[in-house]
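Number of protein chains: 2
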Amino acid sequence: MPITANDPQRRSWIQVEKDSDFPIQNIPFGVFLTRDDVITIGTRIGNTAIDLGALHQLGYFEGIPLTDDIFLQDSLNDFISDGKKTWRLVRNRIAELFDINNPELRDNEEHKHIVLFTLDEIEMQLPVQIGDYTDFYSSKEHATNVGKMFRDPENALLPNWLHIPVGYHGRSSSIVPSGIPVRRPLGQTLPPGATTPVFGPSARVDFELEMAFITTDANQLGEPIPVAEAEDYIFGMVLFNDWSARDIQKWEYVPLGPFLAKNFASSISPWIVTLDALEPFRVAGPKQDPAPLPYLQYEGKKSFDIHLEVSLTPENGEQVTVSKSNFRYMYWTMAQQLAHHTVNGCNVISGDMMGSGTISGPTPDSYGSMLELSWGGKKPLKMKDGTERSFIEDGDTVTMKGFCRNEHVRIGFGEVSTKLLPAFGGKRK
Amino acid sequence: MPITANDPQRRSWIQVEKDSDFPIQNIPFGVFLTRDDVITIGTRIGNTAIDLGALHQLGYFEGIPLTDDIFLQDSLNDFISDGKKTWRLVRNRIAELFDINNPELRDNEEHKHIVLFTLDEIEMQLPVQIGDYTDFYSSKEHATNVGKMFRDPENALLPNWLHIPVGYHGRSSSIVPSGIPVRRPLGQTLPPGATTPVFGPSARVDFELEMAFITTDANQLGEPIPVAEAEDYIFGMVLFNDWSARDIQKWEYVPLGPFLAKNFASSISPWIVTLDALEPFRVAGPKQDPAPLPYLQYEGKKSFDIHLEVSLTPENGEQVTVSKSNFRYMYWTMAQQLAHHTVNGCNVISGDMMGSGTISGPTPDSYGSMLELSWGGKKPLKMKDGTERSFIEDGDTVTMKGFCRNEHVRIGFGEVSTKLLPAFGGKRK
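As they're listed, the protein sequences go chains A and B.
Counting from 1, position 259 in the first sequence corresponds to residue 259 in this note's numbering; the numbering is continuous, with no gaps.
For any residue, its number in this note's numbering is found by taking its place in the second sequence, counting from 1, and adding 1000.
Take the hints with a grain of salt, since some may be wrong.
To be verified - Quick look at which bits of chain A chain B covers, simulated, 3 or more residues with Cβ under 8 Å:
(1) 162-174
(2) 182-189
(3) 249-260
(4) 263-277
In short, the hints are calculated from the structure, not lab data.
Even for Gly, the Cβ is constructed at its ideal location relative to N, Cα and C.
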């Protein structure tokens, strides 16, 4: 079925600013609370949010096999379970309905009043109920930088790294949408030279610039997904800030991996941009040498050209861009990650989220974490108020943005923006 | 509120065999499919399953604040969210209702026909929808054994182990109840002496004898749970077989921990035994030296004397007991694990599951995995048919049992019993 929603010539009767992340070619999916305190599934064109639950009730999705309440839910999980064909039918239909030449809804003021919202009338929620969250470690530059700092500069990349899309399980419950502030974690750290740990607020809170993909029901327990089919089970992507506490991580992570250094919070952008919408921005991934094992070999372009940037805003201060990177730097593709994740029979279901790992580029200004940007604190970054940052300070806001662009269209992710609060010191609620 | 359900003198009008795991003092909670193909929440006395959904509809829980459909669900999550006071009220009421001297239900044949089932009329399901699953690594003996084999025999225990209840995140989706067979995983391994990995079925599939606890909604994101309060948020425990593929683990686990070596499956016993029911079996945990940091220090007895055993049954062969261990060997208590897990503000919710880590005792016959029992394959175990086992073979069934016993009563967990199937080699369904 053609993705007619991607037609680059189409314009909408909803006004879209130049350089908007959300032209009519995007049609992302999210969940929001409306001005009437109703939770609904929606999409967005320009700065207008569209209530898909109401649109469906008004009959605008007639002919598409959808249950009556599919959009009147507090998560996209059931819609995602409906599968790729249905996602495509719905996106195509939305594009058609909001096409500048289609009077159906354009000229129905009553219906428009019901389904359209300005952004300040809604409150974005977590778009999916995340069953399991996995984080990969798929940027060669990031793995090399971390290996140089934490382990052996001469053998920074571990022997398995070029053979395995290394990944580990993370915590789902503490994933929050953009805008929800995050507390500096308390925890154990080992001061330099000490042999006994101390307890207190982490002194090395960091962001990690990542993207994450969201899956549909993919396989039965025990049955691998071939790499060639893997993308069929990917609904879409979000920006992902994998908050990290480097000092806690250093003391706890051997031998079973990061735990409290990561699970205090992760933040995502609230609009899921579908893989269909990203289709025009496919690029080849980096050449893989040595060739991976056959179950990880694929044909065609399975990476995406997504510009990414991170900025830091001190409390009452000015925003400074601290990193510019690109999703295409990833060594392992999402298809390889998903094929690897299931090769042992691990079952993947609707709403599972898989992080890319920190996306660092080849140059120091494209590194995806403060750990790398400040090289472990040795090269602090200058803020406009004259202060310096090696890691994130209380009151700082970290904002990540991402977008694709070609000569015709710009498809973006909006942002994930999160303020860091001081460590917990009060009483429990 | 007293736990009257624990009265050791009470007898039930339901017949209970001597040495049953499920006397009227147990009253565990589970989810099952009935002969009428209805999913319900239930309990068990002796070999009789009791439909709590039907009991509630018949009015037997009048006076206890419960929603009408609290037991007519496919998971215990909502009931667990109701909190400790409600769990206790319900258990006390069930004990009273099935007391041999109470004619209320005993003499109502019509109602008994509705609510009681023999075990072959029901099919046990997963008792909770598991949000996040965490696995700890809290047996000193196990950590020492593994350290000796995988790392340095002279410094088997890593420097952080005596300070941190080391844990890591696992996969929820692949946790299955007792009786569901598990496939041998495919994956990458590095043959001895090789520098390039090969792909194929794991040759070192292992069990890990664990127990897991299930939590209720415990804290808001950002707010730690003090160790003194932690047990209030633990609903109960199950037996847990943390299936592991040692050869896959060895190649993949540095630096981010085990991933595909674990997430192909974990198996649990289907009846959750409440912490209340285990109250009579509290014991002190091992002395902790050095003293842990203050946030991990506690008073009183916070371990439990739970006898554990593992047996192995070859296909068409005879069952052999391969290990006898005890939950009390754990160095870190559940209260410490939960306090540690949340000290950074990580939020814990109803239905989260936390595994103890392999429970190995001090003697070689009390080790909790084949890796340790066969000492990495150097001391294979003899089966009754003359064959040997270093790890688990296709067709083998691994069965774990657990129970507490004092002079008055035996409280057991039933079993988690799982057959290992050959690696996937067919077509996907």
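Going through the hints against the structure:
Against chain B, the segment 162-174 of chain A contributes 11 residues with a C-beta closer than 8 Å to a partner C-beta. That satisfies the three-residue criterion, and the hint holds. Under a criterion of three residues with beta carbons nearer than 8 Å to beta carbons of chain B, the stated coverage of the segment 182-189 of chain A is upheld, 6 such residues being counted. Remark: the segment 249-260 of chain A is confirmed as covered by chain B, as 10 of its residues place a Cβ nearer than 8 Å to a Cβ of that chain, reaching the required three. Counting residues of the segment 263-277 of chain A whose CB falls under 8 Å from any CB of chain B gives 3; the rule of at least 3 is met.
In summary, the structure agrees with every hint in the numbered list given earlier.
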